[in-house]
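From first to last, the protein sequence lines stand for chains A and B.
Heads up: the first sequence begins at 1 in full-length UniProt numbering, then just goes up one per residue.
Heads up: the second sequence begins at 1 in full-length UniProt numbering, then just goes up one per residue.
Honestly, the hints are just simulated from the structure, not real lab data.
One should not assume that every hint holds.
[As the list claims (entries may be wrong)] Stretch by stretch, here's where chain B covers chain A in the computed footprint (C-beta under 8 Å, at least three residues): (1) 90 to 100; (2) 135 to 143; (3) 153 to 165; (4) 260 to 274; (5) 344 to 357.
On a predicted model such as this, the values are computed, not experimentally measured, just so you know.
The beta-carbon is built from N, C-alpha and C at its ideal position, and this holds for glycine as well.
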Amino acid sequence: MTLRFPFTVRSPLPPVFASSLHRCLSIPSPSSSSSPTPLPSSDRRPPLFLRPPTFAASRSDLHDFRRWAESLALAAGPRISASDGGPDAALLRREIAWLVEDATVAAASESGVGEELRLRVELEELYRLWRARIEERRPFQYIVGCEHWRDLVLVVKEGVLIPRPETEMVVDLVAEVEGFEKGLWADLGTGSGAIAVGIGRMLQEGGRVFATDLSPVALEVARLNVERYELKDKIELRRGSWFEPLRDVEGKLTGLVSNPPYIPSSHVPGLQAEVGQHEPKLALDGGEEGMDHLLHLCEGSASALKSGGFFAFETNGDEQSEFIADLMSIKFGNFFHNIKLIPDFAGIQRFVTGFRR
Amino acid sequence: MAGFFFLFVKRSFSNPPRFLLSPKIPILCSSTSSLASSSQTLARAFKNVVGGGISGFPRVSVPRWLSSQSAAVPDLKTADGLTVDAIAAKNWPILGESESDWRSHAAAIAQSIQLIKKRMQWRKLIVRLDQMSAALNKPDLWDDPVSAGRISREHGELLSKMKEVNGYEQELLEHIDLMKLAREENDEELEWESMKALVSMRRNAKEKELEALLSGDHDSCSCFIEVQAGAGGTESMDWAAMVMNMYKSWAQRRGFVVTIVEEMPGEIAGIKRATIKVDGDYAFGYAKAEVGVHRLVRISPFDSGKRRHTSFAAVAVIPILGDGSTRYQIKESDLRIERFRASGAGGQHVNTTESAVRIVHIPTGISATCQNERSQHSNKASAMAVLQSRLDQLEMARQAQLNAEHTRSLTDISWGNQIRTYVLHPYRMVKDLRTNYEVSDPESVLGGDLDGFILNFLSYLLDKDEANV
Numbered sequence: 001m002t003l004r005f006p007f008t009v010r011s012p013l014p015p016v017f018a019s020s021l022h023r024c025l026s027i028p029s030p031s032s033s034s035s036p037t038p039l040p041s042s043d044r045r046p047p048l049f050l051r052p053p054t055f056a057a058s059r060s061d062l063h064d065f066r067r068w069a070e071s072l073a074l075a076a077g078p079r080i081s082a083s084d085g086g087p088d089a090a091l092l093r094r095e096i097a098w099l100v101e102d103a104t105v106a107a108a109s110e111s112g113v114g115e116e117l118r119l120r121v122e123l124e125e126l127y128r129l130w131r132a133r134i135e136e137r138r139p140f141q142y143i144v145g146c147e148h149w150r151d152l153v154l155v156v157k158e159g160v161l162i163p164r165p166e167t168e169m170v171v172d173l174v175a176e177v178e179g180f181e182k183g184l185w186a187d188l189g190t191g192s193g194a195i196a197v198g199i200g201r202m203l204q205e206g207g208r209v210f211a212t213d214l215s216p217v218a219l220e221v222a223r224l225n226v227e228r229y230e231l232k233d234k235i236e237l238r239r240g241s242w243f244e245p246l247r248d249v250e251g252k253l254t255g256l257v258s259n260p261p262y263i264p265s266s267h268v269p270g271l272q273a274e275v276g277q278h279e280p281k282l283a284l285d286g287g288e289e290g291m292d293h294l295l296h297l298c299e300g301s302a303s304a305l306k307s308g309g310f311f312a313f314e315t316n317g318d319e320q321s322e323f324i325a326d327l328m329s330i331k332f333g334n335f336f337h338n339i340k341l342i343p344d345f346a347g348i349q350r351f352v353t354g355f356r357r
Numbered sequence: 001m002a003g004f005f006f007l008f009v010k011r012s013f014s015n016p017p018r019f020l021l022s023p024k025i026p027i028l029c030s031s032t033s034s035l036a037s038s039s040q041t042l043a044r045a046f047k048n049v050v051g052g053g054i055s056g057f058p059r060v061s062v063p064r065w066l067s068s069q070s071a072a073v074p075d076l077k078t079a080d081g082l083t084v085d086a087i088a089a090k091n092w093p094i095l096g097e098s099e100s101d102w103r104s105h106a107a108a109i110a111q112s113i114q115l116i117k118k119r120m121q122w123r124k125l126i127v128r129l130d131q132m133s134a135a136l137n138k139p140d141l142w143d144d145p146v147s148a149g150r151i152s153r154e155h156g157e158l159l160s161k162m163k164e165v166n167g168y169e170q171e172l173l174e175h176i177d178l179m180k181l182a183r184e185e186n187d188e189e190l191e192w193e194s195m196k197a198l199v200s201m202r203r204n205a206k207e208k209e210l211e212a213l214l215s216g217d218h219d220s221c222s223c224f225i226e227v228q229a230g231a232g233g234t235e236s237m238d239w240a241a242m243v244m245n246m247y248k249s250w251a252q253r254r255g256f257v258v259t260i261v262e263e264m265p266g267e268i269a270g271i272k273r274a275t276i277k278v279d280g281d282y283a284f285g286y287a288k289a290e291v292g293v294h295r296l297v298r299i300s301p302f303d304s305g306k307r308r309h310t311s312f313a314a315v316a317v318i319p320i321l322g323d324g325s326t327r328y329q330i331k332e333s334d335l336r337i338e339r340f341r342a343s344g345a346g347g348q349h350v351n352t353t354e355s356a357v358r359i360v361h362i363p364t365g366i367s368a369t370c371q372n373e374r375s376q377h378s379n380k381a382s383a384m385a386v387l388q389s390r391l392d393q394l395e396m397a398r399q400a401q402l403n404a405e406h407t408r409s410l411t412d413i414s415w416g417n418q419i420r421t422y423v424l425h426p427y428r429m430v431k432d433l434r435t436n437y438e439v440s441d442p443e444s445v446l447g448g449d450l451d452g453f454i455l456n457f458l459s460y461l462l463d464k465d466e467a468n469v
């Protein structure tokens, strides 16, 4: 069965469209069950909101798109959220508004004048993107190519973990450390560079962040973000596994932060489709207990940090955090003190922090 | 105006007309000063120029009310002793603007000034200014820097508000003096200039009358507008959404910037509750007139029996005081910040664009939620702004209770009683229950044409106050 794009129909969508769509969607399409194929054509292109507005569409064309996209969202939302906790219809509708916001030129969309709207993608591409969102469960952030995180708009794309809202707090934890502004910091497994950019923007003269990652794709994206926020003189990107690329600053670091992969391997197959089928396993899978990398970080921190140095790790929550905190205060108690568990806004003990003696 | 001033100075240097040498000099000097935008500076500059450059001007002085820091209110008069009230009392016939009759212009302006003063509650302002001045002179003022800052800010605002009106009064009196002089001296050019100035004053007067309606403490602030559906399910949630749309269109028409802060949609249609932020000068001053319960009567499209329904939506309006003037100091430790609608493991397990945050202020139980921003950080900042404004409002209400004079603002701002009825069936009408102002075209009102209701209520409010004084 083939799905036809509604824009080939040309006329406003008939009311039966939603139901026929539902029928289409209930038949699993071959592409959504297999592993996702990153769209190589779109891969090299900048995120939607940074593309030049070289396309045009009429106001009513865009209105038709919204109606079509919303009918898709209303039909698919309940099923998606019930199946694996994915987005519901209300959230999908908000995403449509943001997709349009990113794809159109803001000034034109605000004013009521002029029938033509300037677009950053072809209208047909907009249909394709939203269909991928619903049918393939492609994460919204990959669709628009960016994630709003703290007060930043970070570039993201397939192959790099989409920074989570919880992780925003790591930057706040760093900001509470006395004298952090002039220190040397390391963000291990930086991914999109979110934490590094968040810290880098607060640093003063002499302050520096070393951001490492094993993945070349991640480093490429991180570089884009560092450049976009003009932090090239504050953030140094280094390729390699965890502490490996940081031998030259061993024992000199003011602080160490990381959001390492922490999901237990056994949970990976059951993950929400957006995560399990689209985001890089490298950034998610933490081994049998989920703590392979966290344990490695704990062991390496003592020699990486200078005396008085600070660490903050994100974990899978409650149990993992307690385990890590115990490890740091009992087994490594000679090296660390003032170990704390910090909850995220959902009340889950998400972070472990402490200081090098 | 400034151009006129320079022209005037130049003339006085090259070939001073005779009237400049008359004993009425002080008035002329102050006339030029109040015509200029920065009156004090220019008055001083003029004084220097005159003092240094020309001899024989013994009585050059800056008017007392401009130079003095005290709360003294001047008694403004023309050279022959006319006050603004006296001019208004003369009942000179007011003709059209195009008529070249200076008395008619002067009478119209004098009437406007009286109205402006009435709307500003001038007598109350004088009392308040004296209180503030007295408070400022207390030696222990700065023992409480927060309250000291507030007092000196209020004093400054009050003073500048009153100076503006006094300046306007002064301007009228001086033009009258000039006009009389010009006629005595047969100086046609000056007469023409004065006539022109009076006409332009008269044109501005209407605008100033309107501005005077918005002279409350926080009227110039931006604000939040909140709409909440009453009991009655989908029909009343639909009504709440209609009311919210009415405010969005009204605000956009007025050139305010509207941002949705929070929106709780109804299950089938409409909204349970929503908050928008309205950014712009005097947004609060206008929107405060809308506080209360709005009632709708219509055949419900959600009722298959096509029966007539009555539903209610409550509207609250909260001023955004802005940095530096917040009334309530929030302690970080008093806050509980929660992820809104969070479930499951979170973190790397979940990909979601939902990052709504609810902030609860534990001591008061007041909370705020924002879900429309694209990052948690921004949602939190936005919710925090709402919370700050709510706590500020609470604090203002508390202080108002202590200070009986301001009790009115308490009842105005809090969730009020039913204020307006919108009937779509069996007849069509929107009627304000406070002012009895009514319109027979509900569509235009629901489309945002609210100014008639708002201005009527604002003037009604002042009349009521006047009666209470």
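So which hints don't hold here, by number, going up?
none
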